[in-house]
Amino acid sequence: MHTTVSQNPRLVVVGNGMAGIRAVEELLKMAPDLYDISVFGAEPHPNYNRILLTPVLAGEMALEETILNPLEWYAEHGIQLFTGNPVTRIDRVKRLVISADGKATHYDRLLLATGAAAAMAPVPGNHLPGVMSYRDMADVEALTRSSALGGQAVVIGGGLLGLEVAHGLRARGMEVTVIHRRAWPLDKQLDQRGGVLLQKAMEARGVRFLLGKETAEILGSAHVTGLRFSDGTEIPADVLVMTIGIKPRIELAQAAGLQCETGILVNDTLQTYDPRIYAVGECVQHRGQTYGLVAPLFEQAKVAANHLAEYGRMRYQGSVTSTKLKVTGIELFSAGNFMGGEDCEEVTLLDGSQGVYKKVILQENKVVGGLLYGDTSIGPWLFQLMRDGTDVSAFRDNIVFGETHLGDAGHSGENQAARLPDNAEICGCNGVAKGSIVKAIREQGLFTLDDVRKCTKASASCGSCTGLVEQLLASTLGGFYDSTPKKKALCGCTELSHQEVRDAIVKEKLLSVRQVYAYLEWRHPAGCATCRPAVNYYVRTAWPMEGLDDPQSRFINERAHANIQKDGTYSVIPRIYGGVTSPAELKRIAEVAERHHVPMVKFTGGQRLDLLGVKKEDLPKIWAELDMPSGHAYGKALRTVKSCVGSEFCRFGVQDSTRLAIELEKNLERMWAPHKVKLAASGCPRNCAESTIKDMGIIGVDSGWEIYVGGNGGMKVRAADLLCKVKTHEEVLEMAKAFLQMYREDAQYLERTAPWVERIGLEKIKATIVDDANTRKTLAERMDFALSQEKDPWKEAVSGRLDIHAAPMRRIPA
Amino acid sequence: MEWMALGTLEEIPARGGRYVETPLGEIAVLRNENDEVFAVSNQCPHRGGPLSEGFVSGKLVFCPLHNWQIDLEKGEAVAPDSGCVKRFPIRMEGEQIWLGLQEITP
Ligand SMILES: Cc1cc2nc3c(=O)[nH]c(=O)nc-3n(C[C@H](O)[C@H](O)[C@H](O)COP(=O)(O)OP(=O)(O)OC[C@H]3O[C@@H](n4cnc5c(N)ncnc54)[C@H](O)[C@@H]3O)c2cc1C
Ligand code: HEM
Ligand code: SF4
Ligand code: FES
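First to last, the sequence lines map onto chains H and Y. Under the numbering used here, the first residue of the first sequence carries the number 1, and numbering increases by one thereafter. Under the numbering used here, the first residue of the second sequence carries the number 1001, and numbering increases by one thereafter.
If you're looking for bench data, these hints aren't it; they were derived computationally from the structure. C-beta: ideal position from N, C-alpha, C; glycine also. Among the hints, erroneous ones may be present.
[Said to hold, decoys possible] Here are a few chain Y residues that face chain H, going by a calculated C-beta distance under 7 Å:
| id | residue |
| --- | --- |
| 1 | Met1004 |
| 2 | Pro1064 |
| 3 | Met1092 |
| 4 | Glu1093 |
[As the list claims (entries may be wrong)] The calculated lysine to aspartate or glutamate pairs, modelled on EDC-like cross-linking and capped at a C-alpha distance of 20 Å, are:
| id | chain 1 | residue 1 | chain 2 | residue 2 |
| --- | --- | --- | --- | --- |
| 5 | H | Lys766 | H | Glu26 |
| 6 | H | Lys795 | H | Asp549 |
| 7 | H | Lys454 | Y | Glu1021 |
| 8 | H | Lys454 | Y | Glu1026 |
| 9 | Y | Lys1074 | Y | Glu1093 |
| 10 | H | Lys188 | H | Glu43 |
| 11 | H | Lys488 | H | Glu751 |
| 12 | H | Lys615 | Y | Glu1026 |
| 13 | H | Lys566 | Y | Glu1033 |
| 14 | H | Lys566 | Y | Asp1081 |
| 15 | Y | Lys1059 | H | Glu521 |
| 16 | H | Lys302 | H | Asp268 |
| 17 | H | Lys676 | H | Asp610 |
| 18 | H | Lys439 | Y | Asp1081 |
| 19 | H | Lys454 | Y | Glu1036 |
| 20 | H | Lys615 | Y | Glu1021 |
| 21 | H | Lys103 | H | Asp33 |
| 22 | H | Lys727 | H | Asp771 |
| 23 | H | Lys200 | H | Glu175 |
| 24 | H | Lys29 | H | Glu758 |
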């Protein structure tokens, strides 16, 4: 591998942990081929989720379940991985890192992500066997082995880590005592009242506390046997875990002459004093601050990756953090200044019998900190208020009750669900009210969106209420609900995510839904209503020519090529390019409607004509008589390009929007997509065609066209973002194809452009198709190729090449 | 009992269905991935959706209108939904499918 001469510069990552690998992942997303990457890790494992060590120690989870990036991931991305092989020296002059095996590796860019180590109390005996730290998988393995012998465990330091390890060892059956200097545990996150509640809850689980104690000496000769405190008292110990804090691992950087204080010093681009060397994670000190939680490290990783990818756009400006404790059954949330102080005000709530305590600290009518114990449901909202610096004067006195009690005085948007009355209908499709969802979550112990869908049906159909249901989950479950779980399975038939399935289809050249199911070992050989259409779509977009379309994996609408109505009849919407028709065409449509007694003829919101109430059996006949192409108004496909009059007739018009709309529609018709796609073109900024709430909207200006993307006018309105300005129709067409092809290849099935644009970010889209003419061109070409494979389904059906099974299989007379 | 010939297996798309007009109303004839065939009334217990247009997987059909799942062996909607569809007997003789025009009563 190393012998091949490569053109790419080499990025070496020191530290195969959470921050370093996150940075690599972010980098691969932005610039997959920019670097040859080597990763050195001191630990023998691929990157795992350190946060989950406690569930592993407590026996609630297996080691394998914590792996974030399996070895195959490294191989797939061509990353050289050296595990169990720490870097021992950096030669900045020759740009080499020397690893423990003596090997020298050249770097062009170096990323330091060495994390932190457990701090050890400087007391006699701290190196005795049986004195352990709690930091990595090796520690968990050692603790698991020791705990098998039973006996007394003593934990020095009653912070988050201390309490977690105490919980884990207790779950392993040891007698556990936590020693803490201060008068209550978790004093960095809790005030005394909260600390006492927590202590009681932990004691109820069998963990003992010795508070206000300073350790003077660790006792024992061949192995730890106990410890002595500064007041002369002693306790016995078979295992001693030191969790008094963490210490950034800066030795390597220091020895290389990089500026360090507590951590390695970096600027807002995560660059160290040597411009070729970046650093992220717990080893870093940024604007005087070090961090010990993953959220800020992930923000750092994103910024560092952005600069390594040579985008050079983002800045890291420090993070506001909040903490939660992961001890099963104890809810705790704290953020910011929760102790209060001068010129601060407190709003508190205490319910001792229920074990609930809430406290919010305000300064000049803004939330500056908070602490929630027992009921953390308002945590996310509070944290948001704090980060946004929202003025809360209108509801300050009721703030501890959360948004539910704010009436309309508060805040709009963020969490409407919590404010709704119990009888409010959340899921319009299935008629499920808020009360029944909350009840089901509480009484049936539901945890995930999928659980809620199964048990209540809420959000199981069109999915547009998913956001509200998630809010209800979040507010009902509080700290437990994590809306971004490790990985979201495509559906109950598999563990793989949308992206993983998609990657496999591309990589293994899987050409049909059946092949996908067989190769990826689907649990149900015929899948379900969720995965079938999604997988079929992924196969078709990955392999437009060779891929096998499976009609039985399409929703009925896309199989019948008409929109099914509530009574089982269908609607027929022929394509009328740009909404421009003719008297002859209108006459023909009218005659067809009359001849077949079509119950209703209606203009759609998208400027087309809809014949409603058609029996399935009559569809092919009607299509034949209309002799017009399918309008695809039934599909996850290009629907309509709405247009305004434009410069041909309108006295304000500056561009010919009707012509552009027709051209767009002709160029894009028959395009299947992850979800429906609606376009519009307006002839001047008065924007009569409402271009700014379309998936892609074009607005004419004097000098050409403005192109907007990601708009939506449905259930959740979103104004489109300006993508770019161009001069000619040809440029609009190319840009439209590129944007929609990118969407087709990247968005998840059933993800509209609006959430997709928000998820991946406008910047990335601009970089891909506006700034990069080559990619734009190849994307547009891929679109053209995919469309060239599509035929008009109505014509196919009329000519007999496509059987939509319109007629009954048999008629059995009475 | 009256048995009516429906046609052959290949007339029904695998993992999908067709419908049959009968004096007892429309009946959905559904075929799963193992070529087992089921016949139930072509009306979803929810709001009457045509089950013949649903996705068939194993013993289940997913209604095309609001995605209720109907257990074809029990003739019942899968919890949390509840409701019944009438079941009708099917007999296979080689490729030939026969439908019995009498509801199966439990
Ligand atoms: C038990 C436990 C529970 C936690 N719970 C939470 C939580 O609930 N929420 C939260 O936000 N955070 C939690 N944290 C903190 C979180 O895990 C860390 O903030 C995060 O892992 C730090 O990431 P990092 O990449 O900076 O360091 P690490 O993940 O420690 O990665 C650094 C890696 O670099 C390796 N390394 C060091 N020096 C070298 C070298 N010279 N050469 C090669 N490799 C080297 C190390 O062995 C290590 O594998 C928890 C931590 C622990 C220990
Ligand atoms: C499963 C659900 C839905 C189906 C099958 C559906 C179907 C359709 C159809 C067939 C059209 C006409 C297409 C055309 O203009 O050519 C249409 C247009 C439209 N629909 Fe829906 N629709 C659904 C949900 C919604 C929802 C929930 C909203 C908003 C609350 C919505 C808003 C609109 C609007 C605003 C238009 C016209 C605007 C335009 O086409 O530019 N639709 N829909
Ligand atoms: S958008 Fe402008 S050009 Fe088009 S109709 Fe309205 S005013 Fe006229
Ligand atoms: S009609 Fe079948 S699910 Fe509603």
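A quick look at each hint next to the structure:
This hint holds: Met1004 of chain Y has a C-beta 5 Å from the nearest C-beta of chain H, less than the 7 Å allowed. Interface hint status for Pro1064 of chain Y: upheld, as the beta-carbon distance to the closest one in chain H is roughly 4 Å, under 7 Å. Hint status for Met1092 of chain Y relative to chain H: violated, with the closest Cβ pair at about 15 Å, above 7 Å. Hint on Glu1093 of chain Y is violated. Least Cβ distance to chain H is approximately 16 Å, over the 7 Å limit.
For the proposed pair Lys766 of chain H and Glu26 of chain H, the alpha carbon gap of about 17 Å is at most 20 Å, so the pair holds. Using a Cα cut-off of 20 Å, the hinted pair Lys795 of chain H and Asp549 of chain H holds, with the two alpha carbons roughly 17 Å apart. In summary, the hint linking Lys454 of chain H to Glu1021 of chain Y is not supported, as the alpha carbons are separated by about 33 Å, beyond the 20 Å threshold. Of the pairs offered as hints, the one joining Lys454 of chain H and Glu1026 of chain Y is violated, with about 29 Å between alpha carbons and a cut-off of 20 Å exceeded.
Under the criterion of a C-alpha separation no larger than 20 Å, the hint pairing Lys1074 of chain Y with Glu1093 of chain Y is inconsistent with the structure, at around 23 Å. In summary, the hint linking Lys188 of chain H to Glu43 of chain H is not supported, as the alpha carbons are separated by about 30 Å, beyond the 20 Å threshold. With a C-alpha separation of about 14 Å, the suggested pair Lys488 of chain H and Glu751 of chain H falls inside the 20 Å cut-off, and the hint holds. Taking the CA atoms of Lys615 of chain H and Glu1026 of chain Y, the gap is about 14 Å. The hint holds against a cut of 20 Å.
About 28 Å separates the Cα atoms of Lys566 of chain H and Glu1033 of chain Y, which puts this hinted pair outside 20 Å; it is violated. For the hint pairing Lys566 of chain H with Asp1081 of chain Y, the CA-to-CA distance comes to about 19 Å; that is within 20 Å, so the pair holds. A distance of roughly 19 Å separates the Cα atoms of Lys1059 of chain Y and Glu521 of chain H; the hinted pair therefore holds under the 20 Å criterion. For the hint pairing Lys302 of chain H with Asp268 of chain H, the CA-to-CA distance comes to about 12 Å; that is within 20 Å, so the pair holds.
Only pairs whose Cα atoms come within 20 Å are accepted, and Lys676 of chain H paired with Asp610 of chain H is accepted, the gap being roughly 17 Å. A hinted pair counts as satisfied when its Cα atoms are at most 20 Å apart, and Lys439 of chain H with Asp1081 of chain Y qualifies at roughly 17 Å. Straight-line distance between C-alpha atoms of Lys454 of chain H and Glu1036 of chain Y comes to about 26 Å, which puts the hinted pair past the 20 Å bound. Under the criterion of a C-alpha separation no larger than 20 Å, the hint pairing Lys615 of chain H with Glu1021 of chain Y is consistent with the structure, at around 14 Å.
The suggested pairing of Lys103 of chain H with Asp33 of chain H is violated, with an alpha-carbon distance near 25 Å, which exceeds 20 Å. Restraint check for Lys727 of chain H and Asp771 of chain H: the C-alpha separation of about 16 Å stays at or below 20 Å, so the hint holds. Straight-line distance between C-alpha atoms of Lys200 of chain H and Glu175 of chain H comes to about 16 Å, which keeps the hinted pair within the 20 Å bound. Between Lys29 of chain H and Glu758 of chain H, the direct Cα distance comes to roughly 16 Å. Compliance with the 20 Å bound is thereby established for this hinted pair.
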